[in-house]
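*Asks:* Here are the chains, one letter per residue:
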Amino acid sequence: MSGQRVDAKVVMLGKEYVGKTSLVERYVHNRFLVGPYQNTIGAAFVAKPIHVGEKIVTLGIWDTAGSERYEAMSRIYYRGAKAAIVCYDLTDSSSFQRAKFWVKELQNCEEHCKIYLCGTKSDLVEDDRSMRKVDFHDVQDYADEIKAQLFETSSKSGHNVDELFQKVAEDYDQLYSFQQMTEEKGVDLCQKKNSTFYACCHH
Amino acid sequence: MSQKSERRGIHVDQSELLCKKGCGYYGNPAWQGFCSKCWREEYQRARQKQIQEDWALAERLQREEEAAYASSQGAQTQPTLAPFSKFEDKKTNVTTRKVTTVKKFFSPSSRAAPKKETQEAKAPSPSISRQSSVETDKVSRDFIDFLKNLQKPGRDIHKQCRVFLDTMANKKEVSAEEQSEYVQDFYQNVAEKLQVHFKGSSDRVERVMDQVEKYIMTRLYKSVFCPETTDDEKKDLAVQKRIRALHWVTLLMLCVPVNEDIPEVSDILVKAITDIIEMDSKRVPRDKLACITKCSKHIFNAIKITKKEPASADDFLPTLIYIVLKANPPRLQSNIQYITRFCNPSRLMTGEDGYYFTNLCCAVAFIEKLDAQSLNLSPEDFERYMSGQASPRRQDQDGYLSHVNNSPSLGQAYQNLEQLSGLGERQERVLEGARRLERDLIEWSDGVAREVQDILDKYPLEICPPASAIDSDNVENDRLPPPLQPQVFAG
Ligand SMILES: Nc1nc2c(ncn2[C@@H]2O[C@H](COP(=O)(O)OP(=O)(O)O)[C@@H](O)[C@H]2O)c(=O)[nH]1
Ligand SMILES: [Mg+2]
Numbered sequence: 032m033s034g035q036r037v038d039a040k041v042v043m044l045g046k047e048y049v050g051k052t053s054l055v056e057r058y059v060h061n062r063f064l065v066g067p068y069q070n071t072i073g074a075a076f077v078a079k080p081i082h083v084g085e086k087i088v089t090l091g092i093w094d095t096a097g098s099e100r101y102e103a104m105s106r107i108y109y110r111g112a113k114a115a116i117v118c119y120d121l122t123d124s125s126s127f128q129r130a131k132f133w134v135k136e137l138q139n140c141e142e143h144c145k146i147y148l149c150g151t152k153s154d155l156v157e158d159d160r161s162m163r164k165v166d167f168h169d170v171q172d173y174a175d176e177i178k179a180q181l182f183e184t185s186s187k188s189g190h191n192v193d194e195l196f197q198k199v200a201e202d203y204d205q206l207y208s209f210q211q212m213t214e215e216k217g218v219d220l221c222q223k224k225n226s227t228f229y230a231c232c233h234h
Numbered sequence: 014m015s016q017k018s019e020r021r022g023i024h025v026d027q028s029e030l031l032c033k034k035g036c037g038y039y040g041n042p043a044w045q046g047f048c049s050k051c052w053r054e055e056y057q058r059a060r061q062k063q064i065q066e067d068w069a070l071a072e073r074l075q076r077e078e079e080a081a082y083a084s085s086q087g088a089q090t091q092p093t094l095a096p097f098s099k100f101e102d103k104k105t106n107v108t109t110r111k112v113t114t115v116k117k118f119f120s121p122s123s124r125a126a127p128k129k130e131t132q133e134a135k136a137p138s139p140s141i142s143r144q145s146s147v148e149t150d151k152v153s154r155d156f157i158d159f160l161k162n163l164q165k166p167g168r169d170i171h172k173q174c175r176v177f178l179d180t181m182a183n184k185k186e187v188s189a190e191e192q193s194e195y196v197q198d199f200y201q202n203v204a205e206k207l208q209v210h211f212k213g214s215s216d217r218v219e220r221v222m223d224q225v226e227k228y229i230m231t232r233l234y235k236s237v238f239c240p241e242t243t244d245d246e247k248k249d250l251a252v253q254k255r256i257r258a259l260h261w262v263t264l265l266m267l268c269v270p271v272n273e274d275i276p277e278v279s280d281i282l283v284k285a286i287t288d289i290i291e292m293d294s295k296r297v298p299r300d301k302l303a304c305i306t307k308c309s310k311h312i313f314n315a316i317k318i319t320k321k322e323p324a325s326a327d328d329f330l331p332t333l334i335y336i337v338l339k340a341n342p343p344r345l346q347s348n349i350q351y352i353t354r355f356c357n358p359s360r361l362m363t364g365e366d367g368y369y370f371t372n373l374c375c376a377v378a379f380i381e382k383l384d385a386q387s388l389n390l391s392p393e394d395f396e397r398y399m400s401g402q403a404s405p406r407r408q409d410q411d412g413y414l415s416h417v418n419n420s421p422s423l424g425q426a427y428q429n430l431e432q433l434s435g436l437g438e439r440q441e442r443v444l445e446g447a448r449r450l451e452r453d454l455i456e457w458s459d460g461v462a463r464e465v466q467d468i469l470d471k472y473p474l475e476i477c478p479p480a481s482a483i484d485s486d487n488v489e490n491d492r493l494p495p496p497l498q499p500q501v502f503a504g
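Protein sequences appear in the order of chains A and B. Per our numbering, residue 32 is the first one in the first sequence, and the count goes up by one each step. Per our numbering, residue 14 is the first one in the second sequence, and the count goes up by one each step.
Hint data in this document are derived by calculation from the structure and do not stem from the laboratory. Just so you know, these numbers come straight off a predicted model, no measurement behind them. One or more hints might be untrue.
[What the hints assert, rightly or not] For lysine-lysine, the following DSSO-like pairs were computed, each having C-alpha atoms within a straight-line distance of at most 30 Å:
| # | chain 1 | residue 1 | chain 2 | residue 2 |
| --- | --- | --- | --- | --- |
| 1 | B | Lys212 | A | Lys198 |
| 2 | A | Lys131 | B | Lys382 |
| 3 | A | Lys79 | B | Lys212 |
| 4 | B | Lys284 | A | Lys79 |
Can you build the whole structure from these sequences, using the hints too?
*Replies:* Here is the structure:
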């Protein structure tokens, strides 16, 4: 039932309504808004095996509740994450400010977590250039500064969605083999340390 | 008198709530009326006995295991002999250490307590120890059966586990964080060895690790769950109280996307509540996690049936919060801490179980911090609901009653509540009667006193000196015989 083993935790972050859930849905079930429902009871957590070369890396993708009333709790979610996909809506500049907030949080609290910036709803700005409220080059500069990857995706058309998650899996795999080479350890280096993190949410 | 009449409402004698041992702490029915500390003291003996039984069993199993290996390896008895004798050495070591711990338990301070044990308190202890030792027996047997399939590494793991349990037995006094670190180090250690053996097949490593966790934690549970060295117990009570104070929170306030009016949904929610309550009864961290996962799956189902589409994270968290509020799961913080400290970390950090567990942590954090704003209420309303001056229930009484009809257990609970409040009223009436009786008694005794005084006033008692006394003039005193003297006999 819950037996699926997972290699890396990937957490979806971003303001409510930017399209986190849609992105996961598109990637995992290859659907947007409507479509035949797979045998899933929910889209909050998905384990997704991804081919990387000859290996398989299983990502555990954690969607988060975006509503502001639960925002204070979000930091409990990203503990121990190997990657964070920080989403912002290309048609909403305030959502990019929010994304910057998440980046700062991650930099402060979760230094081992790799950051992926993701501008969503690219189909909307393609149709009508005036809709774009977040400039690509500005974000690219910012991404370079924080050493993050940048993707612009559309869950509606599927544009760049697979590429985003594929990159996450490849980066993880590279780091993982690298660790194995240098430390000769098959398991996560951070695992033990992380186990005490949960304790922080209860004071 | 005035002090007494001030007592109001249902009065439960304070002494009934206190620990049976009279230490001043509150007792708990779950601990046979003792407080947790005295319970632990009282049952240390039973536990010690169980440990001894466990050891005996482990030794027996060990012998069986050796025999099994010997028979399976047939002719090559020679090479197995050497490690076997080494094992024997270790075993005698173990026995001597065991003796010293037994001695420690019979030191005067701990011997004094069980003597005073009351008959009723004594009764449950053998059954408890038997029950849990049956469980540990089974776990040990299953573990060994499982390891047999692994051949040589299985045997190494068994050895490693036994040595580890032995060292942990001497670490009962260390802090929970240190205990956690020992266990986590141990997991990592075993996992690394398995990783080498299985040449990196993480699935197989994980499967063995699950068994190791089960074996180790079944045995350690009692000494590391909610230990005295932490304030877990205090936090448990605080959360429990907090949840009780929030009994008035409705589905609407939390924006929970489930419709309890659908019979199927309300049934599923009852199952979710049962699952989360059941968590406390499990010993193995992974089994506790499984309860959370089961509860979560029910929640997802309830949402899916209500919304006719799969639930998202935005639907799930508020519903889980609602379920936690309704269930008020026993020892919630202790369970969360225990899982955090002793669960196999890879499961906790990345997998599906970990996701639901994290949501539970969030739900508890939300409940602790919850204020008017988080429920979209005005601060005034929030205050009134918290203080019990007003109840939002009245407004949606209809909805409330309708799901009572749908769910038998909720209906039962509602009935119980009615009966309880009926009992409360009756108790109040009895108390009122008692108070009246007291007043009557006081009046009566005052009345009697008044009458006596009246009579005394009317007929003052005059004591006239007697005309003559027998010995008024002791003329013949000197003729009386001398008083008897006690005679002393020597010898
Ligand atoms: N046109 C368009 N709409 C999108 C896209 N992704 C999400 N949306 C819409 O944005 C809204 C919010 O999406 P959702 O995934 O629920 O956001 P979340 O709150 O971040 O999980 C929904 O109405 C989606 O249909 C996209 O790529 N293109
Ligand atoms: Mg969402």
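*Asks:* So, for every hint listed, does it hold in this structure?
*Replies:* Verification of the hints:
1. Lys212/B <-> Lys198/A: holds (26 Å)
2. Lys131/A <-> Lys382/B: holds (26 Å)
3. Lys79/A <-> Lys212/B: holds (23 Å)
4. Lys284/B <-> Lys79/A: holds (29 Å)
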